Amino acid sequence: MNIINLDHLSANPLLPEVQEAMIHAIRADFGNPSSQHKLGDKASEALEKARDSVARLINSGSPKEVVFTSGGTESVNLGVKGVAWAKAEKGKHIVTSNIEHNAVLRSLRRLKMMDYKVSSVPVDSHGRVDPSDVAKAIKSDTVLVTIMHSNNEIGTLQPIEEIARITREKNVVFHVDAVDSVGVVPVDVEKLGVDLLSFASNSFYGPTGVGGLYVRRGTHIWPLLDGGVQENNRRAGTENLIGIIGMGVAAELAARDMTSRIAGMKKLKDRLLRELPSTISEYIVNGHPALSLPNLVSVSIKYIEGESLVLLLDDENIAVSTRSACAAGALQASHVLLSIGRDFADAQGTLVITFGLDNSEEDVTRFLKALKDAVKTLREISPLYAKAAQA
Amino acid sequence: MYSKTVMDHFRSPRNVGVIENADGKGEVGNPLCGDMMTIYLKINEDRIDDIKFQTFGCGAAIAVSSMLTEMARGKSLDDAKKITNKDVAEALEGLPKNKLHCSNLGADALHLAIKDYEARKSGKPVEEPVRKELHMHKHGEGCYCPYCETQLVEGDNTCPKCQLNVIQKH
Numbered sequence: 277m278n279i280i281n282l283d284h285l286s287a288n289p290l291l292p293e294v295q296e297a298m299i300h301a302i303r304a305d306f307g308n309p310s311s312q313h314k315l316g317d318k319a320s321e322a323l324e325k326a327r328d329s330v331a332r333l334i335n336s337g338s339p340k341e342v343v344f345t346s347g348g349t350e351s352v353n354l355g356v357k358g359v360a361w362a363k364a365e366k367g368k369h370i371v372t373s374n375i376e377h378n379a380v381l382r383s384l385r386r387l388k389m390m391d392y393k394v395s396s397v398p399v400d401s402h403g404r405v406d407p408s409d410v411a412k413a414i415k416s417d418t419v420l421v422t423i424m425h426s427n428n429e430i431g432t433l434q435p436i437e438e439i440a441r442i443t444r445e446k447n448v449v450f451h452v453d454a455v456d457s458v459g460v461v462p463v464d465v466e467k468l469g470v471d472l473l474s475f476a477s478n479s480f481y482g483p484t485g486v487g488g489l490y491v492r493r494g495t496h497i498w499p500l501l502d503g504g505v506q507e508n509n510r511r512a513g514t515e516n517l518i519g520i521i522g523m524g525v526a527a528e529l530a531a532r533d534m535t536s537r538i539a540g541m542k543k544l545k546d547r548l549l550r551e552l553p554s555t556i557s558e559y560i561v562n563g564h565p566a567l568s569l570p571n572l573v574s575v576s577i578k579y580i581e582g583e584s585l586v587l588l589l590d591d592e593n594i595a596v597s598t599r600s601a602c603a604a605g606a607l608q609a610s611h612v613l614l615s616i617g618r619d620f621a622d623a624q625g626t627l628v629i630t631f632g633l634d635n636s637e638e639d640v641t642r643f644l645k646a647l648k649d650a651v652k653t654l655r656e657i658s659p660l661y662a663k664a665a666q667a
Numbered sequence: 165m166y167s168k169t170v171m172d173h174f175r176s177p178r179n180v181g182v183i184e185n186a187d188g189k190g191e192v193g194n195p196l197c198g199d200m201m202t203i204y205l206k207i208n209e210d211r212i213d214d215i216k217f218q219t220f221g222c223g224a225a226i227a228v229s230s231m232l233t234e235m236a237r238g239k240s241l242d243d244a245k246k247i248t249n250k251d252v253a254e255a256l257e258g259l260p261k262n263k264l265h266c267s268n269l270g271a272d273a274l275h276l277a278i279k280d281y282e283a284r285k286s287g288k289p290v291e292e293p294v295r296k297e298l299h300m301h302k303h304g305e306g307c308y309c310p311y312c313e314t315q316l317v318e319g320d321n322t323c324p325k326c327q328l329n330v331i332q333k334h
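Protein sequence lines correspond, in order, to chains L and F. Numbering of the first sequence is given in my numbering, commencing with residue 277 and proceeding in unit increments. Numbering of the second sequence is given in my numbering, commencing with residue 165 and proceeding in unit increments.
No wet-lab data here; the hints were simulated from the structure. All figures in this text were calculated on a predicted structure; none of them were measured in a lab. Any given hint could be a false lead.
Said to hold, decoys possible - Now the in silico label distances, taken between C-beta atoms and shown as ranges: (1) F:Asp172 / L:Asn508: 54 to 62 Å; (2) F:Val317 / L:Asn278: 48 to 56 Å; (3) F:Gly258 / L:Ile279: 20 to 28 Å; (4) F:Pro260 / L:Asn374: 23 to 31 Å; (5) F:Lys261 / L:Asp328: 43 to 51 Å; (6) L:Ser416 / F:Val317: 26 to 34 Å; (7) L:Lys652 / F:Asn185: 24 to 32 Å.
As the list claims (entries may be wrong) - So these bits of chain F aren't anywhere near chain L, every CB distance computed over 10 Å: (8) Glu191; (9) Thr202; (10) Asp210; (11) Thr219; (12) Asp251; (13) Glu254; (14) Ala255; (15) Ala283; (16) Ser286.
For each residue, glycine too, the CB sits at the ideal point set by N, CA and C.
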């Protein structure tokens, strides 16, 4: 039986066009893009072509504003620490939100060890930041605001444009973690008005191990890695050309097909949400009902634990994800779910379903059937369910 | 990630359920630490005649409960008291390191259920089976890390020992 992948946030397959381009690149005799000879020129041409494609995907005014990295994690680290270090003389205060990804959280934790101070603004029950909270948190020594574009656990989109208006007015650099948004929903750096924006190739069916950081012209960052002068002195090390070529092609396809992809994802999401009430009882759909990623559904199912659910669904050849305490060694309830008001038990019983281009409505039907059985099985074992039934 | 034995006990857990009018009941854990387990005992002449469990938890926690009940069934109370968390984990052919805490719940719940039985027998029943509230806030005693049980600093959401994010719930 084929495996139904409903965990595209963890891994996306490479599109055939991307595979082709990468295989071609592996076979082509590319030199080092920094070299002065013809082999170098050939490589540098391919590199800049990919940079153009990526810049167009996020509507950057100039391809020079795109720095290639090893993925979303590095982009975020470079954006957050790069600005913090470059601006250290101006101040050491940073503003963020309560529901950021670990890449941001842990970058900030590291900065705290270097005497930086961090203020974190709350989110509402849908996971939205109130821009006025950001305005209030900014102080005279604030050098950076970092807020995510979309949340990787609940899908909620943030009011980035409004926050950018505030950071511009207060002359504070604004970094946006858009790893789960770029290539999935329209992200226009000019319209948003942000200074830095992180993204990853795999979110839009490019290879893993490649990502980018948009750095608005005039924004000064320190590199994380010291070495050569690649990427305009912002990221040392010979570029991962084959991966970057794959990312460039994936970016072109994402820009071309964005509207139809969103329509396809939304159809699956709407169907899932429509049929959930007749499938299981006592659950909460997390995230904003409208301002949310079209490919993500987060649902907290009462009285059961997420990992058990993932394992039972895996037995039915359905791949989904959980952000529960026991997931992937994390052993802690999701800070995102707790921040939007889920209690510990509900946070544990949370399933994250992310659709991709290979999914069909038939997949949703099969998933719902398997979900119904798995929830029933686990509730029969659960002492919480028994107690609730008694009450 | 899990051994075959763990997956077998997870997929087909033995002795799931409730014993009505149980002679002993032990309940450990809470949703904050990720797992909850309840063990029910039927005792006949100081021997475990029947044992059942209910568990809210990950695959490992369910497998631990199932294996534990298999190991304890038919044993004398004295022998059952000797079952350790390590024994359960070994019978399951090992657990991933980050899941060893799940096996701790198993034997704890069994021992608590036996204690409950003995207390009732001696005429001093524990009003409700004792539940470990270790990780929740206790006034005057503070909060404890649900993972390593180190006392947390009030207002700081990072455990000073294991460096994990913990949300203090009062």
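Okay, the hints, checked on the actual structure:
no., hint, result
1, F:Asp172 / L:Asn508: 54 to 62 Å, "holds, 57 Å"
2, F:Val317 / L:Asn278: 48 to 56 Å, "holds, 51 Å"
3, F:Gly258 / L:Ile279: 20 to 28 Å, "holds, 27 Å"
4, F:Pro260 / L:Asn374: 23 to 31 Å, "holds, 30 Å"
5, F:Lys261 / L:Asp328: 43 to 51 Å, "holds, 47 Å"
6, L:Ser416 / F:Val317: 26 to 34 Å, "holds, 29 Å"
7, L:Lys652 / F:Asn185: 24 to 32 Å, "holds, 26 Å"
8, Glu191, "violated, 7 Å"
9, Thr202, "violated, 5 Å"
10, Asp210, "holds, 26 Å"
11, Thr219, "violated, 6 Å"
12, Asp251, "holds, 22 Å"
13, Glu254, "holds, 21 Å"
14, Ala255, "holds, 19 Å"
15, Ala283, "holds, 21 Å"
16, Ser286, "holds, 26 Å"
The structure is inconsistent with the numbered hints 8, 9, 11, although it conforms to all the rest.
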